[in-house]
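J.: All chains, full assembly: derive it from the sequences and hints.
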Amino acid sequence: MDKSRLVVKIYKVLLKAFGPQHWWPGDTPLEVIVGAILTQNTNWTNVEKAIANLKAASLLDAKRLKDVRIEKLAELIRPAGYFNVKARRLKNLFEWLAAHHEGDLDRMFARPLSALREELLEVRGVGPETADSILLYAGQKPSFVVDAYTYRIFSRHQLIPADSTYDEIKEFFESSLPEDVKLYNEYHALIVALGKKFCKPRPLCAECPLGKEIGPGVLSD
DNA sequence: TGCCAGGCCGGGT
DNA sequence: ACCCGGCATGGC
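Going letter by letter, the first sequence gives residues 7 to 227 in our numbering.
Be a bit skeptical, because a hint or two may be false.
[Claimed, not checked] Dumping the calculated DSSO-like pairs for lysine-lysine here, alpha-carbon to alpha-carbon at most 27 Å: (1) 55 / 15; (2) 203 / 9; (3) 218 / 18; (4) 9 / 188; (5) 202 / 147; (6) 176 / 18; (7) 15 / 147; (8) 147 / 9; (9) 97 / 55; (10) 188 / 218; (11) 147 / 176; (12) 176 / 15; (13) 203 / 18; (14) 78 / 188.
[What the hints assert, rightly or not] Okay, the calculated beta carbon distance ranges per label pair: (15) 15 / 212: 17 to 25 Å; (16) 90 / 62: 15 to 23 Å; (17) 185 / 73: 34 to 42 Å; (18) 221 / 113: 42 to 50 Å.
Hint data in this document are derived by calculation from the structure and do not stem from the laboratory.
As the structure is a computational prediction, the values presented were derived from the model and not from experiment.
In this text, a Cβ means the ideal position worked out from N, Cα and C, and glycines have one as well.
T.: See below:
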């Protein structure tokens, strides 16, 4: 089976095993962006507490996030962990948004996709996964999101080289799939669902529904 | 109770 | 161009 068909087959296996994930469906784009920063190397349940604090303080607003004192912001997002780092990163992003797009997400997302991705990566605290999460989940742009689970799952199955870079993995998926926002959205969410259950740093491959379909993974990184 | 979570940066080789 | 320590809370 060629690479593209296999990537599509894996999507179908995951969709059948886990069902639609409908990530970030009812949230505003701004809330999605805040979540993308807060969830860096952090459990989503902790992020929800932090976002609830911001919402209660009426701070889920581009201008207010730009202007709020960083100490106050850090205290509110404390449950998300790395709160000093993430407070600085949130302010960096919303200061950049004010300076370059008048604080307006619609203007920002009107930029061409590849140019906007490069510009987001200039913001300190926005790396490739955060940029792609913003583009895909807040902006509905066809930019595939790669994360630690993506690397772990696909490298253990020897579908990508162990020394793949972020951009190489991203290209692996985008070159194998139709350019479809809903598909990219659902595929990444399904990869996370699989990873949480079966693809920890310490492998738990015996019951993995993917392994049953395409053969076992390799029990090491 | 240690391990893990939807990374990223900055300094050192 | 990599490699690694630091950043921090909460759930199981």
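J.: Which hint numbers does the structure go against, in order from smallest to largest?
T.: The structure conflicts with hints 1, 14, although it agrees with all the remaining ones.
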